[in-house]
Amino acid sequence: MKKIEAIIKPFKLDDVKEALNEIGVKGMTVTEVKGYGRQKGHKEIYRGAEYQVDFIPKVKLEIVVEESMAEKVTDTIREAANTGNIGDGKIFVMSLEEVIRVRTGEKGREAI
Amino acid sequence: MINSGDTAFIMVSAALVLLMTPGLAMFYGGMVRGKNVLGTIMQSFILIGLVSIEWVYIGYSMSFGPDIGGFIGSLAWFGLNGVTNAPSPVYATTIPQTVFMIYQCMFAVITPALITGAFAERMRFAPFLIFSLIWTVVVYNPVCHWIWGDGGWLAARGVKDFAGGLVVHLTSGAAALAAVMVMGARKGHGHDKFVPHNLPMTLLGTGLLWFGWFGFNGGSALAADGVAATAFVATHLAGMAGMIMWTAMEWMFDGKPTTLGAASGAIAGLATITPASGFVTPGSAIFIGLLAGCACYLAVNFKNKIGFDDSLDVVGIHGLGGLMGTICLGIFATKAVNPGGADGLLAGNAAFLGTQAFGTVVVLVYAFIASFIILKAIDATIGLRVSDEDETQGLDLGLHNETAYS
Numbered sequence: 001m002k003k004i005e006a007i008i009k010p011f012k013l014d015d016v017k018e019a020l021n022e023i024g025v026k027g028m029t030v031t032e033v034k035g036y037g038r039q040k041g042h043k044e045i046y047r048g049a050e051y052q053v054d055f056i057p058k059v060k061l062e063i064v065v066e067e068s069m070a071e072k073v074t075d076t077i078r079e080a081a082n083t084g085n086i087g088d089g090k091i092f093v094m095s096l097e098e099v100i101r102v103r104t105g106e107k108g109r110e111a112i
Numbered sequence: 001m002i003n004s005g006d007t008a009f010i011m012v013s014a015a016l017v018l019l020m021t022p023g024l025a026m027f028y029g030g031m032v033r034g035k036n037v038l039g040t041i042m043q044s045f046i047l048i049g050l051v052s053i054e055w056v057y058i059g060y061s062m063s064f065g066p067d068i069g070g071f072i073g074s075l076a077w078f079g080l081n082g083v084t085n086a087p088s089p090v091y092a093t094t095i096p097q098t099v100f101m102i103y104q105c106m107f108a109v110i111t112p113a114l115i116t117g118a119f120a121e122r123m124r125f126a127p128f129l130i131f132s133l134i135w136t137v138v139v140y141n142p143v144c145h146w147i148w149g150d151g152g153w154l155a156a157r158g159v160k161d162f163a164g165g166l167v168v169h170l171t172s173g174a175a176a177l178a179a180v181m182v183m184g185a186r187k188g189h190g191h192d193k194f195v196p197h198n199l200p201m202t203l204l205g206t207g208l209l210w211f212g213w214f215g216f217n218g219g220s221a222l223a224a225d226g227v228a229a230t231a232f233v234a235t236h237l238a239g240m241a242g243m244i245m246w247t248a249m250e251w252m253f254d255g256k257p258t259t260l261g262a263a264s265g266a267i268a269g270l271a272t273i274t275p276a277s278g279f280v281t282p283g284s285a286i287f288i289g290l291l292a293g294c295a296c297y298l299a300v301n302f303k304n305k306i307g308f309d310d311s312l313d314v315v316g317i318h319g320l321g322g323l324m325g326t327i328c329l330g331i332f333a334t335k336a337v338n339p340g341g342a343d344g345l346l347a348g349n350a351a352f353l354g355t356q357a358f359g360t361v362v363v364l365v366y367a368f369i370a371s372f373i374i375l376k377a378i379d380a381t382i383g384l385r386v387s388d389e390d391e392t393q394g395l396d397l398g399l400h401n402e403t404a405y406s
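Protein chains in written order, with the numbering used here: chain A, 1 to 112; chain B, 1 to 406.
These are calculated hints, taken from the structure and not from any lab test. From the three backbone atoms N, C-alpha and C, an ideal C-beta is built for every residue, glycine too. Treat the hints with care, since some could be wrong.
Unchecked claim - Listed next, with one range per pair, are the computed distances between beta-carbon atoms:
#1 Pro10(A) - Val361(B): 47 to 57 Å
#2 Ser406(B) - Gly24(A): 44 to 54 Å
#3 Gly207(B) - Thr83(A): 35 to 45 Å
Build the full structure now, drawing on both the sequences and the hints.
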């Protein structure tokens, strides 16, 4: 099993969710986060005074899938979240030891 | 003879000008950080109380009472002694003198409130009250008498100021300059972020100010007549031209048009047309508004470059606006619009431009020096500035034991 974390632009969340639904991803967790990468935040200007805002709003998705699905999921996210501009985000993939469904106690792929 | 139309118009105008002070409180309040919004609003609101008391007891008499040598009114009208519902023989002769008195009171209230933008987020409340009271007595009342009082020496020299370019905007702008020089910058200025915490509040304040300005300038005709109509129209045209120009400037030079820019431009246009509003054509009013939007935008940008912490731009908008408007009056005034006014440079009377320049220099120098001395004296005795701790945690909690957003 793999856990996939994707940091994307907030306005792309709906597109990514739809695309993932279409390929059969059954659930995800979404968090509003702030951060910066190579884009290095943005500038705000008030009456000509410039302020650098480092941490800009992003959305973090967390998705758990079987190993065989992982590449398809990352490809789908990349396609749906891509605007071609700097600041589109990043995807992290990591191995996952265990998943447990709270209600039934099922474990592993049945619990996903 | 009391004229009911004039009386009704000036009473309504007085109410409109009163509304500008809460409007200013919103305008300024939105621009400061959230921890200082109540402290900032309070500095405008409390002056409605403080200055109104001062005005009723001594301010009105000092400004408009029996002249002493052209420089000040006597205290013969202390506590409104002799100020009745009968019209004054010299001021606004078609309305009760009480109406004229209360209309002028609203001007005295908003003028020191304008200064508060310069020292926003860093002055203690008690010294602020003391400063505002002394300033109103020592700066506002005399300058008001020189220009609008019967026998005032600048008026006798022919200096004109329709609704307060000199009396209101230049005096407060000069005081703002002195205040920033005496108090210095806010803690963290230059590296911390001083981002407006609520721009919708600022825009609402701008709307209230614009609305009130019709009473400020239109009412300064002191009658419901053609001159009031001229001033009313000029006010609107300059406000809109200032807004368009500032927004266009920043769109060109900073990349994007902003709401704060639109608000700032409108106020710049309105402040700049104030002294000229009853004396110029609609075309001149538009030009003056465009000039204000352009020049005040450049002034505020220049302030940012030199790191001068006039926090909410009182100097760059009100000071410069009052100055430019008074000079523009010397250029664009025409008796074709207002036979009781003057002809300016473009109407072939260059001498009037010189008169206006003289009045501007006198008021600027006097208001600056007097404000500087008052502030220095208060700073040396009880101190002007909040403690480090209060400045960091904010005026709202530190000075007033409240928070705006809980």
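So, going through the hints one by one against the coordinates:
1. Pro10(A) - Val361(B): 47 to 57 Å: holds, 55 Å
2. Ser406(B) - Gly24(A): 44 to 54 Å: holds, 46 Å
3. Gly207(B) - Thr83(A): 35 to 45 Å: holds, 37 Å
In terms of the numbered hints stated before, the structure departs from none.
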